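S.K.: Here is what each chain is made of, one letter per residue.
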Amino acid sequence: MKRFIIAFIAAYVFIFVWGWLLNGVVFKDIYAQTPNLWRSQSEMMSLFHWIIIGQALIVFAFVMIYASGFAGGGVIAGIQLGILLEIAAIGMRMGFYAVQPFPGKLIVYGSVGGLIEMIIVGAIVGAIYKPASARTQ
Amino acid sequence: MRGAHEEVPALFRTKPDFPWLILGHIVMAFFFTMLCIRFVPAGGVFATATLGILVGLVYAGPHLISFAVEPLTTKILGGWIVGAVIQFAIAGGIVGAIYKPSSPASSRH
Numbered sequence: 006m007k008r009f010i011i012a013f014i015a016a017y018v019f020i021f022v023w024g025w026l027l028n029g030v031v032f033k034d035i036y037a038q039t040p041n042l043w044r045s046q047s048e049m050m051s052l053f054h055w056i057i058i059g060q061a062l063i064v065f066a067f068v069m070i071y072a073s074g075f076a077g078g079g080v081i082a083g084i085q086l087g088i089l090l091e092i093a094a095i096g097m098r099m100g101f102y103a104v105q106p107f108p109g110k111l112i113v114y115g116s117v118g119g120l121i122e123m124i125i126v127g128a129i130v131g132a133i134y135k136p137a138s139a140r141t142q
Numbered sequence: 099m100r101g102a103h104e105e106v107p108a109l110f111r112t113k114p115d116f117p118w119l120i121l122g123h124i125v126m127a128f129f130f131t132m133l134c135i136r137f138v139p140a141g142g143v144f145a146t147a148t149l150g151i152l153v154g155l156v157y158a159g160p161h162l163i164s165f166a167v168e169p170l171t172t173k174i175l176g177g178w179i180v181g182a183v184i185q186f187a188i189a190g191g192i193v194g195a196i197y198k199p200s201s202p203a204s205s206r207h
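Chains as they are written, first to last, in the working numbering: chain A, 6 to 142; chain B, 99 to 207.
Quick caveat, the hints were computed from the structure, so don't treat them as lab data.
Among the clues, some could well be false.
Per the computed footprint, the stretches of chain B lying under chain A, defined by three or more beta-carbons under 8 Å from a beta-carbon of chain A, are [to be verified]:
1. 105-116
2. 119-127
3. 130-140
4. 149-162
5. 188-200
Model, not experiment: these values are computed from the prediction.
Heads up, the beta-carbon is just placed ideally off N, CA and C, and yes, glycines get one too.
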């Protein structure tokens, strides 16, 4: 349980910082091109807790999947899980692109950023979380 | 969800771009199936449906984040989250029911 919590916190801290770097800094100009699709800055800040809960849910479910089916495989298994989940998520992004008027480059850059993010999250979780049987050996 | 989406027309295209919609679902289904096979090599409806619920929760996270940054309604948010969890739970159940390993899997790793 302790390893689960440490893996969760480490992955969460990374995803929070990475999310801010991508969406708050790197993609800022792309978002500015489509202001009608986004809430105002003050509105976003008032709903910021949803971002925190959303990121926590992503990391929690990721660590749960890793702990129940991939644990023991270490960093490589974590990275594999991250890649599989993210490529499926790219499919979901394509679906959103089909129904919402997002700029194409936001989908492309977001997918590349998401893939890097999930590879690193997988590596972090795989490096930290060890099943009880592996730790006693 | 159509009615809920029509409440915020500025956020949606007037007509879906079907090739992207279909391709996106194919990519999602293919890699979700790969994940099921990697996660539960022996197959089984319950195990893959459980994985589907967890995957649905992974994708519910971005919906919550979207709600914070896009002017979506709570009705849309709720529908997307419940829809994602149910969609992947059923997809997992389908994969678990159909997929049978060619030789008995001795280990999950």
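S.K.: Please go over all the hints and tell whether each is borne out by the structure.
M.R.: We went through each hint and held it up to the structure:
Only residues whose C-beta sits within less than 8 Å of a C-beta in chain A count toward coverage, and the segment 105-116 of chain B has 7 of them, enough to reach three; the restraint holds. Taking a C-beta to C-beta cut-off of 8 Å, the segment 119-127 of chain B contributes 8 residues in contact with chain A, enough for the three needed, and the coverage statement holds. For the segment 130-140 of chain B, the stated coverage by chain A holds: 6 residues have a C-beta nearer than 8 Å to a C-beta of that chain, and at least 3 were required. Given a C-beta distance limit of less than 8 Å, the hint that chain A covers the segment 149-162 of chain B holds, as 11 residues qualify and 3 suffice.
For the segment 188-200 of chain B, the stated coverage by chain A is violated: 0 residues have a C-beta nearer than 8 Å to a C-beta of that chain, whereas at least 3 were required.
In summary, the structure is inconsistent with hint 5 from the numbered list given earlier, while agreeing with all the others.
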